[in-house]
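Chemist: Spelled out, the chains give:
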Amino acid sequence: SQTIHQWPATLVQPVGSPLSLECTVEGTSNPNLYWYRQAAGRGLQLLFYSVGIGQISSEVPQNLSASRPQDRQFILSSKKLLLSDSGFYLCAWSSVSVGNTIYFGEGSWLTVV
Amino acid sequence: DQQVKQNSPSLSVQEGRISILNCDYTNSMFDYFLWYKKYPAEGPTFLISISSIKDKNEDGRFTVFLNKSAKHLSLHIVPSQPGDSAVYFCAEYSGAGSYQLTFGKGTKLSVIP
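These protein sequence lines are chains A and B, in that order. For reference, each letter of the first sequence is one residue, going 1 to 113 in the working numbering. For reference, each letter of the second sequence is one residue, going 1001 to 1113 in the working numbering.
Treat the hints as calculated values from the structure; they're not laboratory data. Hints may be right or wrong, so weigh each one.
[Stated by the list, open to error] FRET-style restraints, in silico, Cβ to Cβ:
id, chain 1, residue 1, chain 2, residue 2, range
1, A, Ile53, B, Gln1014, 48 to 54 Å
2, A, Leu83, B, Asn1067, 38 to 44 Å
3, B, Glu1058, A, Ser1, 22 to 28 Å
4, B, Asp1055, A, Ala39, 20 to 26 Å
5, B, Gly1060, A, Trp7, 30 to 36 Å
6, B, Ala1070, A, Asn100, 21 to 27 Å
7, A, Lys80, B, Lys1108, 41 to 47 Å
8, B, Phe1046, A, Ile53, 22 to 28 Å
9, A, Gln13, B, Ser1051, 39 to 45 Å
10, B, Glu1015, A, Arg42, 26 to 32 Å
11, B, Ile1112, A, Asn100, 43 to 49 Å
12, A, Asn63, B, Ala1041, 23 to 29 Å
13, A, Lys80, B, Ile1112, 19 to 25 Å
14, B, Glu1058, A, Leu82, 44 to 50 Å
Note that the structure is predicted; figures quoted are calculated from it, not measured. By construction, the Cβ of each residue, glycine as well, lies at the ideal position given by its N, Cα and C atoms.
Isolated chain A, as found in the complex (with noise of 0.2 Å):
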């Protein structure tokens, strides 16, 4: 079975330092990846997503990024963080082989202080 895992669960950050979220996927080969943000007030939003290694899609503009270096691996990063970067932070995968569905990480809660 396909199980999904993001760290780290909770992060709080100064203004300015950089930051690191890792997600991995396990049981599926090339799957899509996503990471979504829950911020108060604005449900969930899509910040980037992949179709495979290196290709990256950003559908919010921010001073985050995203990278795919391996092919179940999906990292957000931001060189300088900003007060309103705070908020919960989700990965999340898709496949052809489980149909229209996307499936979600246990997320991630970063507070910037």
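Could you slot chain B onto chain A? The hints should help.
Modeler: Coordinates of chain B only, in the frame set by chain A:
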């Protein structure tokens, strides 16, 4: 402009009664709608979906109804249980390849014992 709207931010229902969660959309070219359930500090979990060619899909206590002429869908939970208390997101899938979902802002359901 929001493509997927959940106009009720919250809903309270007595245990045992029916919960009805509503969702309106603007894009007529969608393929699927999905409902996700989310507990605090956890990733959303897939609940039930409905294809654009159907008007009803049922899975146990959960039924989703689709009214294409009104561009409206609803999730019915019968009977409601305290464990159903969570935030429910409606999500639209349209387009091929990257399996992107567009989420509503969510409705917080509270089932009162």
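Chemist: Checked against the structure, which of the hints given earlier come out wrong?
Modeler: 4, 7, 11 and 13
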